[in-house]
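Undergrad: In our numbering, the protein residues as written are 1 to 257.
Heads up, some of the hints might be wrong.
To be verified - Here are the computed distance ranges between Cβ atoms for each label pair:
id, residue 1, residue 2, range
1, Leu167, His188, 21 to 29 Å
2, Asp87, Gln12, 31 to 39 Å
3, Val120, Gly58, 20 to 28 Å
4, Leu154, Glu94, 21 to 29 Å
5, Gly10, Gly242, 48 to 56 Å
6, Val194, Ala135, 20 to 28 Å
7, Lys170, Ala135, 26 to 34 Å
As the list claims (entries may be wrong) - Listed below are the simulated BS3-like cross-link pairs for lysine-lysine, each with C-alpha atoms no more than 25 Å apart in a straight line:
id, residue 1, residue 2
8, Lys34, Lys46
9, Lys56, Lys46
10, Lys56, Lys90
Keep in mind that the hints were calculated from the coordinates and are not lab data. C-beta atoms are modelled at their ideal positions from N, C-alpha and C, and glycine is treated no differently.
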Amino acid sequence: MELEKDTRRGIQSIEVGGALLQTLVRFGTPMMLKDLAREAGMPPAKAHPYLVSFGKLGLIEQDSVTGLYQLGSFALQMGLTALHELDAIKVASEQAAMLSLAIQQNVALAVWGNHGPTVVRIQECNRIVHINMRAGSVMSLLDSATGRVFAAYLPAHLTAELQQQELAHKPAAERPDVAAMLAEVRAHGMARAVGYPLAGINALSAPVFDNGGQLALVITTLGPAAEFDPDWHGTLAQQLRGCAANVSTLLGYRGNA
């Protein structure tokens, strides 16, 4: 779907100067004037006055020894304020809605609650998909794709008690190799469930990280096995990975999710 062009009137000089700030954010490292100006698409003579003004506002700082430009203290304050105001569920919900529309499967968001992996939002696709899951559902830590992502990426001390409880309720012969299972999740960057624990339902789950590199929530897509390809490298898996990575980026994560 093509986005409508923004026809609102703005101040061109601010937009031009903003390219310098965007360049510093994109590269994430101090830069020489000539390099900064080139990457922002302007000559150094044009870039310099903007940098002087940004410096007075604290948006940009210049190292007195090396002459390199970098983001300033006020830019940092702005970023921290923006991160503080971010609502991870709201951000993820918008992306989940687009994912559900694109893949025509239901998409669920889950967070770590008092009783374990807890579904907080379900985005239903345009077609009818009968799945017994709703907001407030608590998922199994080891048997569900959603739970395995939490088990793989949360600190062990948060999940250890629930993990032991679930294992204790299984016959010894049915207890999974938890270490191998979680290693598989980390290797693929996601978890999957094929026909279990919900019979006839497949699922894929991917982690979303916050600006501190911590697991913020899990995005899960699920649907009838006949219409849901659980292949690690299939189209559904790729689109889910892309959605989770995009949400992580919007939350300020700068690592390699």
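Undergrad: Does each hint hold? Answer for all of them.
TA: A quick look at each hint next to the structure:
Leu167 and His188 have their C-beta atoms about 23 Å apart, which keeps the hinted 21 to 29 Å range intact. Checked against the hint of 31 to 39 Å, the pair Asp87 and Gln12 passes, with Cβ atoms roughly 32 Å apart. For Val120 paired with Gly58, a C-beta distance near 38 Å fails the hint of 20 to 28 Å. Between Leu154 and Glu94 the CB atoms are about 24 Å apart, so this pair conforms to the stated range of 21 to 29 Å.
For the pair Gly10 and Gly242, the supplied restraint of 48 to 56 Å is violated, since their beta-carbon distance comes to about 30 Å. For the pair Val194 and Ala135, the beta carbons lie near 24 Å from each other, so the given range of 20 to 28 Å is met. About 28 Å separates the C-beta atoms of Lys170 and Ala135, a value consistent with the hinted range of 26 to 34 Å. Simply put, Lys34 and Lys46 have alpha-carbon atoms about 11 Å apart, close enough for the 25 Å limit, and the pair holds.
Between Lys56 and Lys46, the direct Cα distance comes to roughly 17 Å. Compliance with the 25 Å bound is thereby established for this hinted pair. With a C-alpha separation of about 35 Å, the suggested pairing of Lys56 with Lys90 is violated against the 25 Å cut-off.
Checked against the numbered hints given earlier, this structure breaks hints 3, 5, 10; the rest are met.
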